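Heads up: the sequence lines are chains A, B, C, D, E, F, G and H, in that order. In this text, residue positions in the first sequence follow the numbering used here: the first is 1, and each later residue adds one. In this text, residue positions in the second sequence follow the numbering used here: the first is 1001, and each later residue adds one. In this text, residue positions in the third sequence follow the numbering used here: the first is 2001, and each later residue adds one. In this text, residue positions in the fourth sequence follow the numbering used here: the first is 3001, and each later residue adds one. In this text, residue positions in the fifth sequence follow the numbering used here: the first is 4001, and each later residue adds one. In this text, residue positions in the sixth sequence follow the numbering used here: the first is 5001, and each later residue adds one. In this text, residue positions in the seventh sequence follow the numbering used here: the first is 6001, and each later residue adds one. In this text, residue positions in the eighth sequence follow the numbering used here: the first is 7001, and each later residue adds one.
Since the hints were derived computationally from the structure, they do not count as laboratory data. Incorrect hints may have been included.
[Unchecked claim] Computed footprint of chain H on chain A; a stretch qualifies when at least three of its residues, placed anywhere within it, have a C-beta under 8 Å from a C-beta of chain H:
(1) 134-142
(2) 149-161
(3) 217-229
(4) 241-247
What you are looking at is a predicted structure, and each value in this text was computed from that prediction instead of being measured. Every residue gets a Cβ at the ideal spot worked out from N, C-alpha and C, and that includes glycine.
There are 8 protein chains.
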Amino acid sequence: MALSIQNILKQVKSGKLSVEDAILHLKTAPFEDLGYAKVDLHRKLRQGAAEVIYGSGKTPRQIAGIIKSMQYNGQKSVLITRMSEEAAAYVSESCRIEYHPECRVGMVGPMPTPNGLGTIVVATGGTSDIQVAEEAALTAEFLGNKVNRLYDVGVSGLHRLLAHLDELMQANVVITIAGMEGALASVIGGLVNCPVIAVPTSVGYGASFHGLSALLSMLNSCASGVSVVNIDNGFGAGFIASRINHVKAK
Amino acid sequence: MALSIQNILKQVKSGKLSVEDAILHLKTAPFEDLGYAKVDLHRKLRQGAAEVIYGSGKTPRQIAGIIKSMQYNGQKSVLITRMSEEAAAYVSESCRIEYHPECRVGMVGPMPTPNGLGTIVVATGGTSDIQVAEEAALTAEFLGNKVNRLYDVGVSGLHRLLAHLDELMQANVVITIAGMEGALASVIGGLVNCPVIAVPTSVGYGASFHGLSALLSMLNSCASGVSVVNIDNGFGAGFIASRINHVKAK
Amino acid sequence: MALSIQNILKQVKSGKLSVEDAILHLKTAPFEDLGYAKVDLHRKLRQGAAEVIYGSGKTPRQIAGIIKSMQYNGQKSVLITRMSEEAAAYVSESCRIEYHPECRVGMVGPMPTPNGLGTIVVATGGTSDIQVAEEAALTAEFLGNKVNRLYDVGVSGLHRLLAHLDELMQANVVITIAGMEGALASVIGGLVNCPVIAVPTSVGYGASFHGLSALLSMLNSCASGVSVVNIDNGFGAGFIASRINHVKAK
Amino acid sequence: MALSIQNILKQVKSGKLSVEDAILHLKTAPFEDLGYAKVDLHRKLRQGAAEVIYGSGKTPRQIAGIIKSMQYNGQKSVLITRMSEEAAAYVSESCRIEYHPECRVGMVGPMPTPNGLGTIVVATGGTSDIQVAEEAALTAEFLGNKVNRLYDVGVSGLHRLLAHLDELMQANVVITIAGMEGALASVIGGLVNCPVIAVPTSVGYGASFHGLSALLSMLNSCASGVSVVNIDNGFGAGFIASRINHVKAK
Amino acid sequence: MALSIQNILKQVKSGKLSVEDAILHLKTAPFEDLGYAKVDLHRKLRQGAAEVIYGSGKTPRQIAGIIKSMQYNGQKSVLITRMSEEAAAYVSESCRIEYHPECRVGMVGPMPTPNGLGTIVVATGGTSDIQVAEEAALTAEFLGNKVNRLYDVGVSGLHRLLAHLDELMQANVVITIAGMEGALASVIGGLVNCPVIAVPTSVGYGASFHGLSALLSMLNSCASGVSVVNIDNGFGAGFIASRINHVKAK
Amino acid sequence: MALSIQNILKQVKSGKLSVEDAILHLKTAPFEDLGYAKVDLHRKLRQGAAEVIYGSGKTPRQIAGIIKSMQYNGQKSVLITRMSEEAAAYVSESCRIEYHPECRVGMVGPMPTPNGLGTIVVATGGTSDIQVAEEAALTAEFLGNKVNRLYDVGVSGLHRLLAHLDELMQANVVITIAGMEGALASVIGGLVNCPVIAVPTSVGYGASFHGLSALLSMLNSCASGVSVVNIDNGFGAGFIASRINHVKAK
Amino acid sequence: MALSIQNILKQVKSGKLSVEDAILHLKTAPFEDLGYAKVDLHRKLRQGAAEVIYGSGKTPRQIAGIIKSMQYNGQKSVLITRMSEEAAAYVSESCRIEYHPECRVGMVGPMPTPNGLGTIVVATGGTSDIQVAEEAALTAEFLGNKVNRLYDVGVSGLHRLLAHLDELMQANVVITIAGMEGALASVIGGLVNCPVIAVPTSVGYGASFHGLSALLSMLNSCASGVSVVNIDNGFGAGFIASRINHVKAK
Amino acid sequence: MALSIQNILKQVKSGKLSVEDAILHLKTAPFEDLGYAKVDLHRKLRQGAAEVIYGSGKTPRQIAGIIKSMQYNGQKSVLITRMSEEAAAYVSESCRIEYHPECRVGMVGPMPTPNGLGTIVVATGGTSDIQVAEEAALTAEFLGNKVNRLYDVGVSGLHRLLAHLDELMQANVVITIAGMEGALASVIGGLVNCPVIAVPTSVGYGASFHGLSALLSMLNSCASGVSVVNIDNGFGAGFIASRINHVKAK
């Protein structure tokens, strides 16, 4: 954005841009205002990632409108998370969409070729955590990463996890996804030497308090390389893992 | 107590006891009333364990008074938990006491010879959990158990725990003591085939919320054989472990 | 597992097993990977109990698949908890299942003859706690224990509890199940001399906060022999009680 | 107050009081304004109880000033709760005060002769609850009630409580005071047929969360006649018990 | 119960009762065991109130069974709270029931003539609190009290409350029922000189946290004569108010 | 109200009003009692705003009854919040109503001409916050204010917000509405020099805990001019903003 | 800031400012960087209020340094909140400071003449709330407002509050400050027709949970004109009240 | 570890290692057992970082002992966090230590030359967050990273942050540290295209609940690239940032 100001100032100085137009430009360029949403068209440049639509709380028509606005402005691929089946059906009427009902992820446009530094491992404690895991894995793949899924490797049967030690050791980032007591994050955090992103899930009952137990557990991990995202936030974990997997020397 | 009623009724029938005396007996026998405390002198018979004094919130004089009442009524050994150094000093004026300042446990009278079924393992996640662990271990020893201490075997360095797998597998009960995320309970719970008593500790900071994180973690353990006691309740864990280690065929 | 390593090492040394095969063996032996679940086929040996399926969050097809895998690997009896009627109906198409709809427990295969040290008493505070109690009782019976059910003996009518004092005193383990204020655990804990497993239930309303009140109450029990499992975790209580009832001298 | 308005209106009508004076009277009569406090001198008439000073957060000088204002306006006896030793010493310089340091209660002026309908029982679960109990008992005595103290009758040793069943059955109100799991309220609530006031105390540690556990427990009591006051609020319990013990047919 | 023991002992002494029969009597007399419930038939004698059925969590058949057991044992009137419309319909097939759907209260048998000391006022903050208020009012009427209903007198329009000051001042007990911030309890508590029972309701949204806000508010009331029951517990408030309104000089 | 007392007193003095009538007047004047509600007809005079009906927890018939009572007493316009579609349909049978289903607001009678000091800006963090925002905006318009809506200007795309800096700087009050982390309030609070009313919304999932996260965030805002209303309380924010926008020199 | 950009752009266009200098200007103008703090020297222009120093967590030397930086840049009066006595003493060595130890407020420089639209009333529920009230009152006075203090007018003695009804009705803003149940905000909110800022205080004990009870209570106020600031945040309330009292027609 | 097993197996096969020795090796190699701590000497190889000592809850002697054990085993540099001044003084008697009292960090041995991919920015919201920030910054430097400190750039004065936009845009990782409402993480998260590690601090009061507010805020960040560590966990953030800054193509 500092650069943008510089460019605009230079054009003002050279007379290519009037003061009024410069102000207008600063205000209108980076997004399109749909009334119910201001679609951020600049983010790809600014942040290196395509716009993602958080589908929850948006009507099917709003989602379709945002996709159309993005495509019109040159965005080829769009990821939609927390997308209802109803919304997916509605969108599919106007464009081709790949929809994963179990994790409520929709994807419009072509998938990229993996271009990250290495592999992202997505590991879950149990079978019930898979829907969150798929949101993470698909997000990471959508953002250009190779993903290795290790499901149902919870700590109550440690040998299931240790059997995959090679794969864990070779990962560039590990996403650990677990509900209940969330111990998986600490155990994996103690085994690997890459960053670990922990996702607590709302899997469990009673004193799991809808994921609070796993959340606190992961925040208090005795293993040092673990950071945490919101409960059930598979998308966030996939997004951050992708950023780490695309870090460059500067 | 049902048995006691039976005995009393039999004596009433046989004329050995008047109705009034029987009622009196029912009321006064099982404890001595010191005003500030009603010392339970029957518990050893009723529950199979000597009376234990919970020292917190009691003055040194009250503690000394309760010990004296117990001794007068034939109790040879007394355990005092959460005992301040001040109270220990006061009590030591009138009787011989062995005091452990780091875990605030005092013991009066002779220690029993171990008579349990097997060994109780006391395992901690870190160095800071040791004071709770010692309360558990000393309690178990006081109640006639052989104890094996495994300290600082937390899950962030799994090999430290696995190195002691033999000892864990041979235990009759395992007490796992951990703060922070409390993952130790689940990992041990998945390895052994005996009952596991989990003690969350208040070790940690921030989102550990004084032990809440470890407590929730342990309650939600994905390993099936784990039950939980209050935060920092080393005594309770030692007491229950002893009961399990003294279970008999009936 | 330490023993297994020893066996494998011995075979490696004697040339019966190549290094590559040994590693393979370490990794693949103890479970079958169904993709969505890694079925633990080793647990019976390692932990002395058959695999139990936690049905919540698993689809009927996944549950049926896990049962089949277990049976294929020699497991005769399988317990499924938190099983929906839909899942039970689905499974019943391919194998014989005994299903208890009120506590959502399914059992496949023959029930064992009781082989524990004594009797497990399952006591509830009220009528509404019965569904959790049945999960506990059926689990204990499935694992080879004799169970005595004492339902609706809550502390607000103490004589209902005292009328069963004999049965309580003769138990080897007592499971106390109560919602609301959960006082039953403390009262029973003060009467018996065996381990007490307390199960808070989500029965109640308002400030019971879905079982939190009973949970905290049981964790803070002034009776010394009480340990606690998760809210509504009847299975866990039955499982632990069974372990205690099968403790052996070592 | 409706009555007061009526009197004032009558005097206005009869010309005994001007409109301006009437308004003035309505505003200034019932309290004296000390700047830092508005001393309520009307409450004895309006509510049937002398003014009580809540000492916490008030300086010794402020407390002394309020006492003086009360005495000047004809109040003979004053109760001060949560009074620091420093405040008691300061007040004792200007008037005679009876101070109970263990429960931080001060009393100025003569104690009344008991004039209630019957006896108030104050029962505690343990020794550590006594300081709250004394605040309740002294308050009740200060307000004209006969009090019977039953201390250390917690539910983990039920016979201690049952030994006092006569006294409980003969009470007009029972105040039950307990920390930890607060089960005493439910057990007593199930035994007696008079109103029970439950006071949770902050006695305990860990998951007692400074009295929250006992508070929730008492609010969820399965016994029907139990109502609850704030944690450690001995004064409130004594005050309400006194009101109940002075209820009159209307 | 102490008295019962005495009677039984006397009969044992005089030979009218064998020891075995005495024990049997102690155990079986006071309730009928229906398997899913132990119906307390002694409570009317012991506690002065008829048995009340808490309908939540009980099936229609269980409720009908308990009513039948009570009637068979001489109980004429039965109150059922939290009763579903379905349960009311089922019960009405076998006996005459008066059912109030808005507060889910059912009443079987004749209503008593009021025999309390005075009037119980039931006051609510708003219109939405009425269903809890009716549970309280009907309970109090069922237990023999005259009830005066003051609905929608919340503190945000103080004149609505002050208009009923006479009625408040003449009450023997006031039940204040309010959600949201629950301030009504404190304002009424400062105006009257009789016991006030406060019932927080789950009325509200957001930071009312299902009644927690009103609950904490009422527990912290700056007015001294207020005690509190569980959120939405209209029954409990009516029950306690009735006990207070029937207190007798002893 | 003080003034009213004065007027009544003057009339009493002058003989225009009897004492009994004066008391009657004090009690009956300001509201109409519908049994289930006491309609406040005085509030417009006393508080400068028309009565608003909080529709939640009221039946369609009750809402219609309150509207009729207000209209009968001269109130021309009525706002109904949290109004169900069912209630709107019912009311529309007897009078003309403008109903906004997405924010559940109904308005009866003519809208006023804006008469405030300036403009109220309503800004939201995202698209999902719009339904709360519309409740705020419509309330403010109903109470005579000009409203400027800025939707979807959340802090994760700061340029969207900065593009509207002029409008923010020219507002007299800003209402900021956001869920999730609620950071919008702090950022706007640091940019403008007028009062900011923050409305946390329940938008989000997991650790947003139904709006708790945004609520705490806004209460802890490091910007000084921010005050907060209840979660999702669009009405309250619009009402307060209107009061601020109508402040007058006194 | 938009205006500033315009000015800078105009100067760039006219050649008065180079592109590089423009960027530099945008970055360096508005604050002075002290390393440990970036002193905001632009805020008076941007937000209409002098910089205020939040003293908590800053060393005496840091506070003195920030004051010096402000004075050097032309700020005449500085307010410091949460200032320790130690910091006040240190600052007093280098400049004249007026320090209020009971509310920990320091003021450097001359006080302004009141220039607001009307009067701000600061009302407290009790004596213990005064220190928060003084922080609010002094802040408002420092920002140019006339303040009227009404202390100890809590709702348990309603007549104390009603006696000041005139003053409340004539206020332009009311700040209500209360701990415990915080009912004062609702009662005042129902009486006045100006904005009410509610400040919960941490006064109380037990279930007040350090101000949480009053906070929730105020957020759920049934009176419509109430907004809330953080617990004990007297400064924030005074600041907002001042903004409201200085609102201008635009 | 999988590799280690392979190596050990190979040596067993080749006869270089006996079975017994192999097992011994697996168990004893990777740590030294000091009784109170098991010093992990393998971690540098396994995880790529030197052992760090968490000083809290360890005595000065224990810390010194662990340092000595590490040095004896070839570890040159040791970082100690949460180190008391007392411990630093004790350690300084036996080896040279650089101690930072304001953030309680101690460092023994030489600092490494930065060898990461780029720069880590450490940004704080206020002055009071600096002690946590220094723990993060020193940790990152200790682990071989170049660090750029941006302190006191909170969102209430947005221009302070925007002035450093260049530095933020050029970072490889940003650590954002803030208390109160923690909005800084979201604002920075929306501006940069590298991973952001958010550290909530316990700075604040009242409803900040010791960092809970900032923690929830950061977990719910609407910006996608933000992950979170425990409250006040500067070390964890620095450690993770270092791992990200050392990610390598695999």
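Test coverage of the segment 149-161 of chain A by chain H using CB-CB distances below 8 Å; three residues minimum. Result for this restraint: violated, n = 0.
Please verify the coverage claim for the segment 134-142 of chain A: does it have three or more residues whose C-beta sits within 8 Å of some C-beta in chain H? violated (count 0)
Are three or more residues of the segment 241-247 of chain A within 8 Å, CB to CB, of chain H? n = 4 at 8 Å, threshold three: holds.
Per the coverage rule (Cβ-Cβ under 8 Å, at least three residues), is the segment 217-229 of chain A covered by chain H? The restraint on the segment 217-229 of chain A holds, since 8 of its residues have a Cβ under 8 Å from chain H and three suffice.
Taken one by one, the earlier hints fail for this structure at numbers 1, 2, listed in ascending order.
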